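There are 2 protein chains.
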Amino acid sequence: MDVYFAYETDGRFCRLDAEESGHCCRVLRHRSGDEINVIDGLGTMYRCRLTDDNPKGAEAEVLETFPGWGGHPYRLTVACCPTKNNDRFEWFVEKATEIGVDRIVPTIGERSERKVYKTDRAVRIALSATKQSLKARIPEIADPISVKDFIQISPLASLGRNDMKESLKLIAYCFEGDTKRISIQEALNDYEGDDITVLIGPEGDFSPEEARLALEHGYIPVHLGTSRLRTETAAVLAATAVYLTF
Amino acid sequence: MDVYFAYETDGRFCRLDAEESGHCCRVLRHRSGDEINVIDGLGTMYRCRLTDDNPKGAEAEVLETFPGWGGHPYRLTVACCPTKNNDRFEWFVEKATEIGVDRIVPTIGERSERKVYKTDRAVRIALSATKQSLKARIPEIADPISVKDFIQISPLASLGRNDMKESLKLIAYCFEGDTKRISIQEALNDYEGDDITVLIGPEGDFSPEEARLALEHGYIPVHLGTSRLRTETAAVLAATAVYLTF
Numbered sequence: 002m003d004v005y006f007a008y009e010t011d012g013r014f015c016r017l018d019a020e021e022s023g024h025c026c027r028v029l030r031h032r033s034g035d036e037i038n039v040i041d042g043l044g045t046m047y048r049c050r051l052t053d054d055n056p057k058g059a060e061a062e063v064l065e066t067f068p069g070w071g072g073h074p075y076r077l078t079v080a081c082c083p084t085k086n087n088d089r090f091e092w093f094v095e096k097a098t099e100i101g102v103d104r105i106v107p108t109i110g111e112r113s114e115r116k117v118y119k120t121d122r123a124v125r126i127a128l129s130a131t132k133q134s135l136k137a138r139i140p141e142i143a144d145p146i147s148v149k150d151f152i153q154i155s156p157l158a159s160l161g162r163n164d165m166k167e168s169l170k171l172i173a174y175c176f177e178g179d180t181k182r183i184s185i186q187e188a189l190n191d192y193e194g195d196d197i198t199v200l201i202g203p204e205g206d207f208s209p210e211e212a213r214l215a216l217e218h219g220y221i222p223v224h225l226g227t228s229r230l231r232t233e234t235a236a237v238l239a240a241t242a243v244y245l246t247f
Numbered sequence: 002m003d004v005y006f007a008y009e010t011d012g013r014f015c016r017l018d019a020e021e022s023g024h025c026c027r028v029l030r031h032r033s034g035d036e037i038n039v040i041d042g043l044g045t046m047y048r049c050r051l052t053d054d055n056p057k058g059a060e061a062e063v064l065e066t067f068p069g070w071g072g073h074p075y076r077l078t079v080a081c082c083p084t085k086n087n088d089r090f091e092w093f094v095e096k097a098t099e100i101g102v103d104r105i106v107p108t109i110g111e112r113s114e115r116k117v118y119k120t121d122r123a124v125r126i127a128l129s130a131t132k133q134s135l136k137a138r139i140p141e142i143a144d145p146i147s148v149k150d151f152i153q154i155s156p157l158a159s160l161g162r163n164d165m166k167e168s169l170k171l172i173a174y175c176f177e178g179d180t181k182r183i184s185i186q187e188a189l190n191d192y193e194g195d196d197i198t199v200l201i202g203p204e205g206d207f208s209p210e211e212a213r214l215a216l217e218h219g220y221i222p223v224h225l226g227t228s229r230l231r232t233e234t235a236a237v238l239a240a241t242a243v244y245l246t247f
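So the protein lines, in turn, are chains A and B. Residues 2 to 247 (this note's numbering) make up the first sequence, in order. Residues 2 to 247 (this note's numbering) make up the second sequence, in order.
Each hint can be trusted.
When chains are identical, the list treats them as one kind, so a pair holds in a single copy or across two.
DMTMM-like, lysine to aspartate or glutamate: derived pairs with alpha carbons at most 20 Å apart: (1) K85 / D3; (2) K119 / E95; (3) K119 / E91; (4) K57 / D35; (5) K85 / D206.
Hints listed in this document are in silico derivations from the structure and should not be mistaken for laboratory results. A quick note: this is a predicted structure, and the numbers were derived from the prediction, not measured.
The shape of chain A in the complex, shown without the other chains (with noise of 0.2 Å):
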C-alpha cells in the first residue's frame, strides 16, 4: 500500500508537491483515473482518484475520507539531547515515528556534544516514516531549543493545553545520589491522562542546574530499568513505554 503526501487539500482535492508527484506518476506510473491514498500530515487520509498526473504537480479527487487513520490514543513529546553521530538521532526519529510520536524536541543541553542541529533531514525522515508505517499525522519536528528554555517555556504552551494536572512530565536522568526515581511505567501507571512529556539528556547527562530546574516544573524524574541505554535508545525505549501502556 502506497501513500502520498498532500501539501495542500481542502476534503475534495489533493494536491502533491513535486516530489510526491514525481513518486507517484513517474515513478510508480499511476495514471489519471488510478485510486492512490493521499495523508494530509495532520491526521487524515484520504482514499482518492487521481484526476491529474503531472508528475510536477499531481492532483486526485477524495472519494473517501478517513479522519485519524493510524492514530494512538495519547499525545506524547520526546524532547532528546540529538547525539554526536547524526544517523543515531534519525534512526530515533524515524522509529519513534512508527511507534507512535506527535512531537519530538531537539533540545541542546549544558552538556551536549552537538550544540548545532539541523532539522531538515528529520522533517524528511519522519514524513517517510510516516508513510511507510500508514499513518495520516506527521509527527512535528520542532526547533531546537536549551534544554532550560524548554522546560521553562514548553510544553503546555505550545501544546494549547491549560490545564497543568492533564499533563505527565518525564524526565530521565541518573539523578546520582539521593533523588528517589520510579520507573517510566510506574509513572505512566499512576497517571490518568493522556498527554505525556518525556526529556531525555544528551550522552554526558542533564548538568545538575538543568535537571533541578525541571524538578521545579513539576518534572517526574523517571529510570528506563538497570540497562545502561545509548541516547537514542533510551528516547525510543520511552516512546516504546508510552505506546504499550496505552
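On the provided structure of chain A, position chain B as indicated by the hints.
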C-alpha cells in the same frame, strides 16, 4: 568506563586477543600496572590489573570478580527474519543487546527476501554493544535456521530446559482472519516464568503454514499494538516489552 573482552580467563588471569589488546594498549595507551575492566562474555566482569601490556596479546590479573554484571532477570530469545537491508537487522542486534537479550536467531521464512545471512558482523556488533552498555554477557548470535526448523527444533532443546511449561513462546503475526491474538504485554503479564522466546516474521510476514506450525508447537499469537512496524522495529519493541515487564 572502558571494558575489554577476554577470550580466555581462568578466574585469576584474563587474556585479551590482538584486537582488544591493541585497543587497550595502543589506542588507549594502558600500561602494566593500570587497572582495567574485563568481561568474559559469559556474564562475569573482572576488575583487573594489567600485567602484560603487549598490544598483540595483553594479560591482566584479576583483582575482583563481579558475576552477573549488567545482567537481567529473564532469559530472552528473539528469533527474527533478517531484513532485506542488512543495516536494519544489525541495528536490531545492537539495540536488543543494549536493552537485554540472551540469544538472537536469524530465521529464514518462506517469504523472506533474504535467504542467506552471514552472522560475522552481527557477532561483532553484539560484542561492541555489550561492552558499551556495561554488560558482561554477550548475546549468542545463532546460525541461521529456517522458521519451520526453528519452531520444531528450538527453542527448548538448545536452551537445555526440560520443563516445557517454563517457557513462554510468542509469535508476532498478523493472522488476518479469525485467529484471536492478545497483546504482547497481556501474554507477558499472564506468565510467571522467566524464559521467553519471541518469533518475528519477515517483511512479507510468515506463510500460513509457518504460522500454523507455530501454533501447533505451543506458540501464542500476539500483536504488538496498532502501529504497523518494520521487522526490526517489531523485534526491538518485543525485547523492550520483555525488559519493561521484569
